[in-house]
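Here's the letter readout for the chains.
There are 2 protein chains.
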Amino acid sequence: MVLTKKIHNFSAGPAILPQEVLKEAAEGILDFTKGLSILEISHRSKEFEAVLEEAKSLVKELLGVPDGYSILFLHGGARLQFVMAPLNQLTVNGYAAYVNTGTWATGAIKEAKIIGKVNVIASSEDKKFTYIPKGFTIPADADYLHLTSNNTVYGTQYRQLLESPVPVICDMSSDIMSRKINVSKFALIYAGAQKNMGPAGTTLVIIKNDFIKDPGRTVPTMMSYKIHVENNSLYNTPSVYAIFVCMLTMRWLKKVGGVEYIEKKNREKADYLYAEVDRNPLFRGVTVKEDRSVMNATFVLSKPELETTFNQMASEAGLSGIKGHRSVGGYRASLYNALPFESVKALVEVMQEFERKKG
Amino acid sequence: MVLTKKIHNFSAGPAILPQEVLKEAAEGILDFTKGLSILEISHRSKEFEAVLEEAKSLVKELLGVPDGYSILFLHGGARLQFVMAPLNQLTVNGYAAYVNTGTWATGAIKEAKIIGKVNVIASSEDKKFTYIPKGFTIPADADYLHLTSNNTVYGTQYRQLLESPVPVICDMSSDIMSRKINVSKFALIYAGAQKNMGPAGTTLVIIKNDFIKDPGRTVPTMMSYKIHVENNSLYNTPSVYAIFVCMLTMRWLKKVGGVEYIEKKNREKADYLYAEVDRNPLFRGVTVKEDRSVMNATFVLSKPELETTFNQMASEAGLSGIKGHRSVGGYRASLYNALPFESVKALVEVMQEFERKKG
Numbered sequence: 003m004v005l006t007k008k009i010h011n012f013s014a015g016p017a018i019l020p021q022e023v024l025k026e027a028a029e030g031i032l033d034f035t036k037g038l039s040i041l042e043i044s045h046r047s048k049e050f051e052a053v054l055e056e057a058k059s060l061v062k063e064l065l066g067v068p069d070g071y072s073i074l075f076l077h078g079g080a081r082l083q084f085v086m087a088p089l090n091q092l093t094v095n096g097y098a099a100y101v102n103t104g105t106w107a108t109g110a111i112k113e114a115k116i117i118g119k120v121n122v123i124a125s126s127e128d129k130k131f132t133y134i135p136k137g138f139t140i141p142a143d144a145d146y147l148h149l150t151s152n153n154t155v156y157g158t159q160y161r162q163l164l165e166s167p168v169p170v171i172c173d174m175s176s177d178i179m180s181r182k183i184n185v186s187k188f189a190l191i192y193a194g195a196q197k198n199m200g201p202a203g204t205t206l207v208i209i210k211n212d213f214i215k216d217p218g219r220t221v222p223t224m225m226s227y228k229i230h231v232e233n234n235s236l237y238n239t240p241s242v243y244a245i246f247v248c249m250l251t252m253r254w255l256k257k258v259g260g261v262e263y264i265e266k267k268n269r270e271k272a273d274y275l276y277a278e279v280d281r282n283p284l285f286r287g288v289t290v291k292e293d294r295s296v297m298n299a300t301f302v303l304s305k306p307e308l309e310t311t312f313n314q315m316a317s318e319a320g321l322s323g324i325k326g327h328r329s330v331g332g333y334r335a336s337l338y339n340a341l342p343f344e345s346v347k348a349l350v351e352v353m354q355e356f357e358r359k360k361g
Numbered sequence: 003m004v005l006t007k008k009i010h011n012f013s014a015g016p017a018i019l020p021q022e023v024l025k026e027a028a029e030g031i032l033d034f035t036k037g038l039s040i041l042e043i044s045h046r047s048k049e050f051e052a053v054l055e056e057a058k059s060l061v062k063e064l065l066g067v068p069d070g071y072s073i074l075f076l077h078g079g080a081r082l083q084f085v086m087a088p089l090n091q092l093t094v095n096g097y098a099a100y101v102n103t104g105t106w107a108t109g110a111i112k113e114a115k116i117i118g119k120v121n122v123i124a125s126s127e128d129k130k131f132t133y134i135p136k137g138f139t140i141p142a143d144a145d146y147l148h149l150t151s152n153n154t155v156y157g158t159q160y161r162q163l164l165e166s167p168v169p170v171i172c173d174m175s176s177d178i179m180s181r182k183i184n185v186s187k188f189a190l191i192y193a194g195a196q197k198n199m200g201p202a203g204t205t206l207v208i209i210k211n212d213f214i215k216d217p218g219r220t221v222p223t224m225m226s227y228k229i230h231v232e233n234n235s236l237y238n239t240p241s242v243y244a245i246f247v248c249m250l251t252m253r254w255l256k257k258v259g260g261v262e263y264i265e266k267k268n269r270e271k272a273d274y275l276y277a278e279v280d281r282n283p284l285f286r287g288v289t290v291k292e293d294r295s296v297m298n299a300t301f302v303l304s305k306p307e308l309e310t311t312f313n314q315m316a317s318e319a320g321l322s323g324i325k326g327h328r329s330v331g332g333y334r335a336s337l338y339n340a341l342p343f344e345s346v347k348a349l350v351e352v353m354q355e356f357e358r359k360k361g
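First to last, the protein sequences are chains A and B.
Start counting the first sequence at 3; every next residue gets the next number (the working numbering).
Start counting the second sequence at 3; every next residue gets the next number (the working numbering).
If we strip away everything but chain A, and leave its shape as in the complex, we get:
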C-alpha cells in the first residue's frame, strides 16, 4: 500500500491538516510579504487584514452564512466560549436551557452556572452519554438553548436539527465545516479551530447581530461579543498565524468541492469504518447507532485482554491517535475533513488482520 505519509493521523485534535496546506503554511513563515514572515507583521497591516477578510469571506461562503451575522476569530478556545456565551447572553434575571451530551456540554453547563441560572433540560448522562437525547421540550422562556453538535469524547452527534422556540447557541468545535448546516437556525455558533478548520490557537464565532443584547451585567471588554464585533476581531492582537492557516485550510476545502463534497467524503469514511466495527466480532461500537458521530468513531475490543496485541499491530501499521479519550478508554478514530480515505482503509485492514490472527 502506498501511503501519502508514514503516519495515519487519527488524532482527535489538534488534528490532521491537508498536506498542501502545510506547505503553504510553511511558506508563510519564511516569506509572507516582501520577505517578511507572517509571524512578524502587524495585525493591523493591510496584508494581515486581507488574510482576515478572506478567512471571514470563506466562512461565509462555505457555510452559507446569511446577512445579519458577524464572523469573529477569537482567542481562548471553545472553553472560553463556555464563559463568554452566558456572560453575554444569559440575562441576570433569566435562565438558559442546556442539553448535556457529554464532557464538553458538561463543561459548558458548569461555567454557565457560575454566571447565572441554568436549566439542564435533557441529558444522556444516565447511559454514559452514548446517545443524543430526543423528544424533550425546549422551554419558550429561556434566554437561549445551548447544544454541543458533536461529542468528540463519546462519539455521538446530532444528526437532525432541532426546531427551537428560543435562540440556539451551538458548540460546533468538532464538526464545523464537516457538513452542511443551516446557519439561520442558530443565534451563535462557536468552534475551536483545531479539528476541521486549522491549528489550535483560534476560535471561530458566528453570531447573529441582533442576538447581541445587554444581559444586565458589565461584561469585561475582552469577553464582550459586542466589542469584538465592533472591532472586527482586532480589539486586541489576534492569533495571527492560526487565522492564516484557517484561511489556507478553508481555501483548500473550497477547492476540493466545499462542505457538500466533504460531507459526502466524511460519510463514506465513517460508513466504511462503522461497517467493520459492526461486522468484526472482535470489535463493538459504544454508542447508539442512529447517533453515531461521523467525525469521531468510538469502539472497544470485545476481548479487552487482546488490547496489547491490537495496539501493537496498529502502531506497526502507522496508525496514530486511535486511543480513546483518557476519561473513557477504548478506541476513537477521528475522521476529520483532512483525513484521507486511505487512512480509514489502513485502519480497517489492521482490524481485519487482527481478526484473522485472534478471532
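The set of hints was computed from the structure by calculation and includes no laboratory data.
Backbone N, C-alpha and C define an ideal beta-carbon position, used for all residues, glycine too.
It is possible that some hints are incorrect.
Stated by the list, open to error - The list that follows gives simulated cross-link-like pairs (lysine-lysine, DSS-like), each with its CA atoms no further than 25 Å apart: (1) A/228 / B/36; (2) A/115 / B/215; (3) B/25 / A/25; (4) A/48 / B/8; (5) B/36 / A/215; (6) A/215 / B/115; (7) B/8 / A/36; (8) A/48 / B/325; (9) B/112 / A/36; (10) B/25 / A/8; (11) B/256 / A/112; (12) A/325 / B/48; (13) A/36 / B/347; (14) A/25 / B/36; (15) B/115 / A/115; (16) A/325 / B/36; (17) B/36 / A/347; (18) B/25 / A/36.
As the list claims (entries may be wrong) - Not close to chain A: a few residues of chain B, all C-beta gaps over 12 Å, as computed: (19) 95; (20) 97; (21) 162; (22) 184; (23) 243; (24) 263; (25) 273; (26) 283.
What the hints assert, rightly or not - Chain B side only, calculated, beta carbon under 10 Å to chain A, not exhaustive: (27) 18; (28) 21; (29) 46; (30) 117; (31) 201; (32) 238.
Since chain A is already given, all that's left is putting chain B on it; use the hints.
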C-alpha cells in the same frame, strides 16, 4: 550596505523574530516528528509536552525564576490578563492599587474596575503619559500593586524597580526577556508573546504559587490561575504553535548569550537612536529622557510639514513599521531583541540624509 533582509522591521508587535528561528519554525510545520507537522499533533502527545517543558525551563533559566513560581502559557493575550488578574487576585472586600502609565495601564484599570475596587495611586496622564510617575506611596493594605513595565504606545519604561509593601503584578508584554529582572520581587508577571518572545497567540504568565488565594468569588474555570497551574497549561488545548515558536526564540536567546547579553545589545541600539533624535534638529523625542523606553523609541518631526518627505525616504530605505501608534501619531521605532543593530543604523542614516536634504 548589506542587508540581512530587504526590510528593516520596526513593527511594534507582532514584531521581528530571529531569522534562524523562522527557519526552524517552518521546518516544524513540515515535519516536526515522524513526518507529522507540529500543527497536527495532540497537545497531550509526549512530543508537545517536551516542547512545553523546554519552553518553561527556558523561561526559568533566562529570567532566573526562583522556586515557588509556576510558569504558564495561556490564551487570550495580555488583555485577557487585564481581567484574569483582578478576577483571581482582587478580593471582594479589598482593593487593588494601579499606576496609570498609558494605554495598556488604562485598559488594565478599566477591566479591574469591572471586577472590584481599584485605587489609581499614580498617573502620568496629566502630561500625556510622557513620563513614569515617581515618589508615590504604595498603600500597605492593597491586595496588590499593578504596573506596566514598558509602555509601547508612548515609549516610556520603568528603569528602576519599585520596592512595594504589597504583591506586585506587572504587565511586561513589551519588555519581557529584554533585560534582567528580579522575579522574586513580583507576585505575578504576564506578557503577550508577540514582542520579544515569539508570535502572537500565547501569553506568558509567571505566578508565585502562594500568591494564588481565594478572592471570595467563583472564578470561571478557564480564567482561574489555580486551574491552569494544576493542569500545567493543559486545561484546554493550548496555542501549540505559538508556544513552539516561543521555545525556539528562547533557545536562540540562550544561544546568543541570554538576557544579560541582549540587554546590552538593546541598550546599544536605543542609545544610538536616541543620540540621533537628540542631535538632529529635524527630530525631537516626546518623552522625559530618564524614562525613555529601550524597546520603543518615540519621536516626532520638528517640522511636521516634512512628514511626507521623511516617510518616503524611510520607505525607500526599507524601513517598515515606524509609524507611531494610531492614538498618538509621530514615529515609533521598536527595538525588540531580534532587531539587528544594522536596522537601527539604517534608520539613523535616513534621519541624517533627511537632515542633509531638508535641515
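Right, here's what the structure says about each hint:
no., hint, result
1, A/228 / B/36, "44 Å, violated"
2, A/115 / B/215, "22 Å, holds"
3, B/25 / A/25, "14 Å, holds"
4, A/48 / B/8, "19 Å, holds"
5, B/36 / A/215, "49 Å, violated"
6, A/215 / B/115, "22 Å, holds"
7, B/8 / A/36, "7 Å, holds"
8, A/48 / B/325, "14 Å, holds"
9, B/112 / A/36, "38 Å, violated"
10, B/25 / A/8, "23 Å, holds"
11, B/256 / A/112, "42 Å, violated"
12, A/325 / B/48, "14 Å, holds"
13, A/36 / B/347, "20 Å, holds"
14, A/25 / B/36, "16 Å, holds"
15, B/115 / A/115, "23 Å, holds"
16, A/325 / B/36, "18 Å, holds"
17, B/36 / A/347, "20 Å, holds"
18, B/25 / A/36, "16 Å, holds"
19, 95, "19 Å, holds"
20, 97, "17 Å, holds"
21, 162, "29 Å, holds"
22, 184, "28 Å, holds"
23, 243, "6 Å, violated"
24, 263, "21 Å, holds"
25, 273, "24 Å, holds"
26, 283, "30 Å, holds"
27, 18, "5 Å, holds"
28, 21, "9 Å, holds"
29, 46, "8 Å, holds"
30, 117, "8 Å, holds"
31, 201, "4 Å, holds"
32, 238, "4 Å, holds"
Violated hints, listed in ascending order, are 1, 5, 9, 11 and 23; each of the other numbered hints is respected by the structure.
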